[in-house]
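So the sequence lines, in the order shown, correspond to chains A and B.
Position 87 of the first sequence, counted from 1, bears residue number 87 in my numbering, the numbering being contiguous throughout.
Position in the second sequence (from 1) plus 191 gives the number in my numbering.
Worth flagging that the hints you see were computed from the coordinates, not collected in a lab.
Glycine included, C-beta positions come from ideal geometry on N, C-alpha and C.
Be careful, since some hints might not be right.
Not close to chain B: a few residues of chain A, all C-beta gaps over 12 Å, as computed [to be verified]: (1) Asp97; (2) Leu120; (3) Pro173; (4) Glu177; (5) Glu188.
In silico DSSO-like cross-links for lysine-lysine, where the CA-CA straight-line distance does not exceed 27 Å [said to hold, decoys possible]: (6) B:Lys398 <-> A:Lys88; (7) B:Lys195 <-> A:Lys20; (8) B:Lys555 <-> A:Lys142; (9) A:Lys58 <-> B:Lys195; (10) A:Lys58 <-> B:Lys524; (11) B:Lys235 <-> A:Lys172; (12) B:Lys377 <-> B:Lys404.
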Amino acid sequence: MTKNILLVGVGGQGTILASKILSIGLANNGYDVKMSEIHGMSQRGGSVTSHIRYSEDKVYSPVVELGQADLIVAFEKMEALRYLDYLKPNGKIVVNDCEIPGTPITSGTCEYPQNILEELKAHADVTVFDANKEAEKLGNSKVANIILLGSLIGQMNLTNINWDALLEENVKPQFVEVNKKAIQVGIELAK
Amino acid sequence: MAQKVLMTGNEAIARGAWEAGVRFAAAYPGTPSTEILENLSTYKDIDAQWSPNEKVALEAAFGASVAGGRAFASMKHVGINVAADPLFTIAYSGSNAGLVIVTADEPGQHSSQNEQDNRNFARHAKMPMLEPADSQECKDMVKLAFDMSEEYDCPVLIRVTTRVCHSKSLVELCERVEKPIVPYVKNAKKYVDVPANARIRRVEVEKHMDALKVFSNETALNVVEDNGKKIGVITSGMCYHYAREVFENEANYLRIGFSFPLPMGKIAEFCKGLDKVYIIEENDEFIEDAVKMLGFGNIAYGKYAPDGSRFFHYCGELTSDVIRATVTGQAFKPVDFDRTKIVARPPALCAGCPHRGLFYELGKRKNVVVSGDIGCYTLAFAPPYNAMDFNCCMGASISSGNGAQKIFNKVEGNDKRVVSVLGDSTFFHSGITSLLDVVYNRGNNITVILDNRITGMTGHQQNPGTGYTAQGAETVVVDIEAIVKACGVKNIKVIDPNDLKAVKDAIDWALACEEASVIITKYPCVLKKFSNIDKAQYPNAFKSKCAVNTDKCIGCKACLKCGCPAISVVNKKAAIDPTMCVGCTVCKQICPVKAID
Numbered sequence: 001m002t003k004n005i006l007l008v009g010v011g012g013q014g015t016i017l018a019s020k021i022l023s024i025g026l027a028n029n030g031y032d033v034k035m036s037e038i039h040g041m042s043q044r045g046g047s048v049t050s051h052i053r054y055s056e057d058k059v060y061s062p063v064v065e066l067g068q069a070d071l072i073v074a075f076e077k078m079e080a081l082r083y084l085d086y087l088k089p090n091g092k093i094v095v096n097d098c099e100i101p102g103t104p105i106t107s108g109t110c111e112y113p114q115n116i117l118e119e120l121k122a123h124a125d126v127t128v129f130d131a132n133k134e135a136e137k138l139g140n141s142k143v144a145n146i147i148l149l150g151s152l153i154g155q156m157n158l159t160n161i162n163w164d165a166l167l168e169e170n171v172k173p174q175f176v177e178v179n180k181k182a183i184q185v186g187i188e189l190a191k
Numbered sequence: 192m193a194q195k196v197l198m199t200g201n202e203a204i205a206r207g208a209w210e211a212g213v214r215f216a217a218a219y220p221g222t223p224s225t226e227i228l229e230n231l232s233t234y235k236d237i238d239a240q241w242s243p244n245e246k247v248a249l250e251a252a253f254g255a256s257v258a259g260g261r262a263f264a265s266m267k268h269v270g271i272n273v274a275a276d277p278l279f280t281i282a283y284s285g286s287n288a289g290l291v292i293v294t295a296d297e298p299g300q301h302s303s304q305n306e307q308d309n310r311n312f313a314r315h316a317k318m319p320m321l322e323p324a325d326s327q328e329c330k331d332m333v334k335l336a337f338d339m340s341e342e343y344d345c346p347v348l349i350r351v352t353t354r355v356c357h358s359k360s361l362v363e364l365c366e367r368v369e370k371p372i373v374p375y376v377k378n379a380k381k382y383v384d385v386p387a388n389a390r391i392r393r394v395e396v397e398k399h400m401d402a403l404k405v406f407s408n409e410t411a412l413n414v415v416e417d418n419g420k421k422i423g424v425i426t427s428g429m430c431y432h433y434a435r436e437v438f439e440n441e442a443n444y445l446r447i448g449f450s451f452p453l454p455m456g457k458i459a460e461f462c463k464g465l466d467k468v469y470i471i472e473e474n475d476e477f478i479e480d481a482v483k484m485l486g487f488g489n490i491a492y493g494k495y496a497p498d499g500s501r502f503f504h505y506c507g508e509l510t511s512d513v514i515r516a517t518v519t520g521q522a523f524k525p526v527d528f529d530r531t532k533i534v535a536r537p538p539a540l541c542a543g544c545p546h547r548g549l550f551y552e553l554g555k556r557k558n559v560v561v562s563g564d565i566g567c568y569t570l571a572f573a574p575p576y577n578a579m580d581f582n583c584c585m586g587a588s589i590s591s592g593n594g595a596q597k598i599f600n601k602v603e604g605n606d607k608r609v610v611s612v613l614g615d616s617t618f619f620h621s622g623i624t625s626l627l628d629v630v631y632n633r634g635n636n637i638t639v640i641l642d643n644r645i646t647g648m649t650g651h652q653q654n655p656g657t658g659y660t661a662q663g664a665e666t667v668v669v670d671i672e673a674i675v676k677a678c679g680v681k682n683i684k685v686i687d688p689n690d691l692k693a694v695k696d697a698i699d700w701a702l703a704c705e706e707a708s709v710i711i712t713k714y715p716c717v718l719k720k721f722s723n724i725d726k727a728q729y730p731n732a733f734k735s736k737c738a739v740n741t742d743k744c745i746g747c748k749a750c751l752k753c754g755c756p757a758i759s760v761v762n763k764k765a766a767i768d769p770t771m772c773v774g775c776t777v778c779k780q781i782c783p784v785k786a787i788d
């Protein structure tokens, strides 16, 4: 069975690194993997998505179909809502309890939407935590993305893969330890 | 076992070119093609360069091929328009060492101004074309394209799309095959395109295209997957994978990897005996027209059904859900929820963007028409600036501005002045000839060159003004002001765009000039990794932060008009996000009560 995962967030939140580590981990462990990113304007505050599809058999399309995602990991609350169309009935959502207002909100044209978590919970099995706060507890606010990756790993039962080795290969040496801890924090939060 | 690694299509194209023994590669950045040359530039055996534009890149690659080195050029789909002039004639001249050109098309227009289907260029320019569907095929087909270019003595076009370029899949790596430089032999009859020679080459083109028609029917690149069904799917590129998800083993497939000339015999053979054939291709009816020409229109469902009604959607991507909805009438049903809560997240000029000051000031002017160009600064069309009236393509800001100003000047009592805005890289790309047009033809529009010291929009590629090559070598820093002067412009000002008074004064000065004028706003892009040159010129850039004194702030929201994403309103007072602010001070200069320090 092909598994479908969507990582969604805002430019600069580290979705691309998280999806890179995830897809290499899956590929190294014998899965066929396809990953697709749309990141054209991401550095300018736009919305960013990574589609990841993996299977023990062959994977054809790199793009998740609407209504087919097993899991959506949202690095920002409103982004979870934006991509909710992709979720399977009874699919899961991991959502970072973090609000990043876009320019229509900062400029006062629109309000940041209320009750997003309630809306999400009405449709899906939702795990919520503040990854930014958890990252600060580890002493490095930049590992929020890896905590969210850890939670994904927990949700998809991928804990048997040696993620520590991958972090050693893909992260600067001085940040390896804090990233390893971040993965574990994420896995715990997924429980 | 050979090593398998996850690669994007763009990485795999670069790897394929390297493995094929490429010596020379040239490109101009453009989404989704940019990373091809970025990756090529990491290989030491390749001379990889950013050219000022796509035409120059292709001409440089052609020269390298004629001189005997395997040569490569890549560009986005609209880049081929710029390179069309050499493209059509190179098709006649052919290659000495292999010459391969990549066009990266954008079904869905994720980052582009149009959705043109460059498969039409293969037919139009008469050159063979390959369409890889995943990263492994990208690598394999690039290598094959080089062999084919040499065997048939013609340039070969490879057409990829955004999803091929930016998707990752597993690729088996091989070693580089060193191709010796082919000895150069002067051959004017082949390479000098005077009519007498070109007429002979014209015949040669038909000869090798005839040979390639035979090849197309025989090659394993055009492959039938016979599942013994009465329903068939003909498709190419990424669409094969989308279709495979929907039809699985319930259809026969004709998968076209070599798509010009199309395998007409194979298509006819495939269609015989089918009840229904779906033609699944993004953008134009390239394969569909061939199927219909062969007489299978009565069973063919492509952009049109047999009765002439629309079938598959004519624009955008034909992802699996789109195909599923069209063919079965029902896609997987997404959950039903309240979509009205979702607020758009449009891209915005970054905090610290050096374009902000200019567009803040221009947006306030009532008597100006802004002629825009292609770059981050195109975002100035949106609120809060609303400071752009039209744009078209690379370099057009100045030339279109010239035409517009000439008409405004004919209107009695009209005081509209046209301000053309374009970036440094866009000026080098094709703005210089446009500026010559203004000066030579006695135009009087105002040009602003937003010199942020880098090619920003596509993710920071070097250009002739930065002092470095694609491969990091130090080189000449081309002086924009000197070029402007050499074009014959008499009125030139170079300003710091973060100094709002300087910006305002420069605009007033330009509006008062009766002749053409040029303002160069010079300040590095906030996202740029500073070179040694930048560090020396801008030692204090982006090293401070602004903060709001809430006791002084009156909540007037004047600062929001600069459109900085770091500024928001909290409890009716302005607030600046310290993690985003880099201290450009534009908001500080706007604040009427001096509440920002």
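Going down the list of hints, with the structure as the test:
With a cut of 12 Å on Cβ distances, Asp97 of chain A stays outside the contact zone with chain B, its closest approach being about 16 Å. The claim that Leu120 of chain A lies off the interface is violated: its Cβ sits roughly 8 Å from the closest Cβ of chain B, which falls inside the 12 Å cut-off. The claim that Pro173 of chain A lies off the interface holds: its Cβ sits roughly 21 Å from the closest Cβ of chain B, which is beyond the 12 Å cut-off. Against chain B, the non-interface label of Glu177 of chain A holds: every CB pair exceeds 12 Å, the least being about 24 Å.
The beta carbon of Glu188 of chain A sits about 27 Å from the closest Cβ of chain B, which is more than 12 Å, so the claim that it is off the interface holds. Proposed proximity of Lys398 of chain B and Lys88 of chain A is contradicted: the alpha carbons are some 54 Å apart, above 27 Å. Between Lys195 of chain B and Lys20 of chain A the CA atoms are separated by roughly 15 Å; this keeps the pair inside 27 Å, and the hint holds. Restraint check for Lys555 of chain B and Lys142 of chain A: the C-alpha separation of about 39 Å exceeds 27 Å, so the hint is violated.
For the proposed pair Lys58 of chain A and Lys195 of chain B, the alpha carbon gap of about 15 Å is at most 27 Å, so the pair holds. Simply put, Lys58 of chain A and Lys524 of chain B have alpha-carbon atoms about 24 Å apart, close enough for the 27 Å limit, and the pair holds. Between Lys235 of chain B and Lys172 of chain A the alpha-carbon distance is near 24 Å, which keeps this suggested pair within the 27 Å criterion. Proximity of Lys377 of chain B to Lys404 of chain B is assessed by CA-CA distance (about 30 Å); at most 27 Å being required, the pair is judged violated.
When held up to the earlier numbered hints, the structure conflicts with 2, 6, 8 and 12 and fits the remainder.
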